[in-house]
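Participant: Chains B and C: place on chain A using the hints.
The chain contents come next:
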Amino acid sequence: MAKPLIGTPAVAPWTPDQPIISIVDVRKAFGAFEVLKGVSLDVRKGEAICIIGPSGSGKSTLIRCINALVDVNSGSILVENQEVNDPRLDKLKLRRKVGMVFQQYNLFPHKTALQNVMMAPINVLKQDKKEVEERARALLAKVRLTGKENSYPGELSGGQQQRVAIARSLAMRPDIMLFDEVTAALDPETVKEVLVTIRELAEEGMTCLLVTHEMKFARDVADHIYFTDKGVIVEHAPPEEFFANPKDERTRTFLGQIL
Amino acid sequence: MSENSEAPFRPMAVLLEPRPRPIGLPDVGLPKLTMTHCYWLAVAALLVAGVAHAQAPAAPAQEALSAAPATPLSVIIKWLPFLLKGFVFNIVISLMAMALGTVSGVLLGLGQISQNALIRRTSWFVTQFFRNSPWLVLLFFAMFMIPFEFHVFGLRIPLPDWFKAIIGFALPVMANVAELLRGAIRSLPSGQWEAAESLAFSRTKTIWGIILPQCVKRMLPPWMNLYSLITMATVLASIVGVGEMLTLTAQVHAAEGGRPELFAPLYGFAMVCFFLYCYPISKLTQRLERRFNVKT
Amino acid sequence: MEAVAEWGRALYETTGINLTILYDAFDQKRFISGLGMTIYLSVVSLFFSLVIGVIGAWAQGSDFKLVRWLINGFIVIFRNTPPLVQIFFFYFGLSNLLPYIEDADGMRAPLFTNVQWAIISLSLFAGAFNIEIFRSGIEAVPNSTKEAASALGYTRLGTYLYIVLPLAIRVCLPALNNNLVNLLKTTSLAYAIAVPELLYASKQIWTDAQNVPTMMVVLLFTYVALVGVLVWAMNAWERSMAIPGYGAGRAR
Chain A
1 MAKPLIGTPA VAPWTPDQPI ISIVDVRKAF GAFEVLKGVS LDVRKGEAIC
51 IIGPSGSGKS TLIRCINALV DVNSGSILVE NQEVNDPRLD KLKLRRKVGM
101 VFQQYNLFPH KTALQNVMMA PINVLKQDKK EVEERARALL AKVRLTGKEN
151 SYPGELSGGQ QQRVAIARSL AMRPDIMLFD EVTAALDPET VKEVLVTIRE
201 LAEEGMTCLL VTHEMKFARD VADHIYFTDK GVIVEHAPPE EFFANPKDER
251 TRTFLGQIL
Chain B
1 MSENSEAPFR PMAVLLEPRP RPIGLPDVGL PKLTMTHCYW LAVAALLVAG
51 VAHAQAPAAP AQEALSAAPA TPLSVIIKWL PFLLKGFVFN IVISLMAMAL
101 GTVSGVLLGL GQISQNALIR RTSWFVTQFF RNSPWLVLLF FAMFMIPFEF
151 HVFGLRIPLP DWFKAIIGFA LPVMANVAEL LRGAIRSLPS GQWEAAESLA
201 FSRTKTIWGI ILPQCVKRML PPWMNLYSLI TMATVLASIV GVGEMLTLTA
251 QVHAAEGGRP ELFAPLYGFA MVCFFLYCYP ISKLTQRLER RFNVKT
Chain C
1 MEAVAEWGRA LYETTGINLT ILYDAFDQKR FISGLGMTIY LSVVSLFFSL
51 VIGVIGAWAQ GSDFKLVRWL INGFIVIFRN TPPLVQIFFF YFGLSNLLPY
101 IEDADGMRAP LFTNVQWAII SLSLFAGAFN IEIFRSGIEA VPNSTKEAAS
151 ALGYTRLGTY LYIVLPLAIR VCLPALNNNL VNLLKTTSLA YAIAVPELLY
201 ASKQIWTDAQ NVPTMMVVLL FTYVALVGVL VWAMNAWERS MAIPGYGAGR
251 AR
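Residue numbers (UniProt numbering), protein chains in the order written: chain A, 1 to 259; chain B, 1 to 296; chain C, 1 to 252.
Don't take every hint at face value.
What the hints assert, rightly or not - Derived pair list, reagent style DSBU-like, types lysine-lysine, alpha-carbon separation capped at 30 Å: (1) Lys146/C <-> Lys111/A; (2) Lys91/A <-> Lys146/C; (3) Lys146/C <-> Lys97/A.
Calculated from the structure, these hints are not laboratory results.
If we strip away everything but chain A, and leave its shape as in the complex, we get (with noise of 0.2 Å):
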């Protein structure tokens, strides 16, 4: 690497050979309700990781502890090798980085579609305005919303949104994506059209966490799975197993609720 991206000193050189997220018994506490009672959990390059378990039960602040939205408590988060969970942490760096797509969008209501993919790269790599727009079009189109360029936010369904927030998300060449619960909000008819957007991204080898109640969705699209309750991983496997033989109990009756 040719430099430090997260502004720490890297335990050694990151190669692609080791986890490219590697977390390590991470504790959490919201006051006295404990989140995240001591969570680990291993991320390859180009792997797409389904993160699921009941509402509560600490996923999503699971993901934006990898991005630093979330400070933890205890534990080690290392993105490339180097650790999120340290007070010297640029985290501006860090989340040039760490691409993130939320439950509600949360585009820029005052800015076009294009500007929104444009901003960033703009305001905070600083990047060349040609360059950039050539590339939010082409995101754009991506996604499947040429022609929607121009529209704001307010006018878009929320699916084409929620492709616009990926868009704007991927403008900034992130190394990893995090999606949290990208499709709760969304009518049912539109859920789709985000979701074949994520599988097309996966299977370009983008390194994927998701957040989803989306199980279908979950055993197509992961490489592993898995299963939260109560701040704690319960079990993990690549999907064939996590569906066809669930080993814990709190697994199967969370999957006997909800297929």
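Facilitator: Coordinates of chains B and C only, in the frame set by chain A:
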């Protein structure tokens, strides 16, 4: 385009409604200043003042020696009853103006939803005209344009200045109440009208029995806010020669020899009086606003 | 110009409506300079009140309790005391406590003139309201939108400049319009400290020409017209800032 029309309106996803926040004295680490505290402070200030006043004659020698003029504090205490009487007059003016303005404002507001186009347009024009004029100018308007006496059936009914001032303050209240009422009526779902119609209510019955009662709740906080504003505006009466608190303050100042250093404490005292009266009202208004916001 | 004066005279002769401001050069000058003073007071106070509003709203988010406490105290006091008493307090009270300066003729002159005091008190009065308005605008931007900006690598300042402020201004505009209209109306209080603004000039004219009812109507219509222009300008601004798909822009 069809996809666009499908996009539902989701204000929450992007912009939250601006919420009125208690701007009261901040709830930071310092002991929180609530209304009660303010009153304790005021009472304490008066007590200290009283003690200071009581002790003042205890040192007559000193006073004689330096021939020191009365301190600002002792001046205020000396004239306290006089000044407070003036303040009470301000309150009386504000209450009467508010009553007069509210009654006429409701009528004007109803005029704006009248089925008669002429009444509707006239009411609209009157509302806009009085709403957009400065209050002081309206006060001048009332003072100069209303005759000082009326003759009805050979009876001479004098109109004293203070009564004309009340009319002058009632004019903007009327226009603002009319506008509040129009807004409140418009914010009611049209289903209310339809439901009443389908129950064979007459228009008058619908308005007085169904629409207006529902408007009261929506109008209450801004109406109280308006009252607070009109109370603070009553001091304008001093400009047109009605003897309210500010007039009396100027008189006290002159009576004490017109010393320039007395200006700040005397006007400061007037500010304290109005603050102690208006601040609780605005706190209460905010509380009501928040309570109603939660419900709707 | 002459034709207008001619018409004004004819109007007086035929109907008794005495519009001295149409044909009397002196009255006309007084009225126009009064109008100018009202506009001047409004524009300058408007500018300073906005500055106070922006700085105050920013300082309200300060980490220092004392700063927050002072700002809140300022708002509470200026919103709950009569603006006229505030003007008197400044012009008569504070002015006497401040040092005097020597003017060009070597005379002792107060630090600020009555016009300047009017601007100071009007700006503080309207500013106290603006702080609240800006704060509520900033608070109306949801945390999730700010979080999205952080996730894209925006710094706190960047988030504020590119995301929060543009949205907050749009939320504030209706309330801000209201307050600025109020400020324009409140400038008439400067009359009380002998600032020769519109009301003051009009009163001089009707005292001299004994045409109270006529001048009164002219005065009221002038104010209504001024407010009308301001409202129109602010509404045009509001429309140009509307976001398609939200709020006012939703109707598009």
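Participant: Need the list of violated hint numbers for this structure, in ascending order.
Facilitator: none
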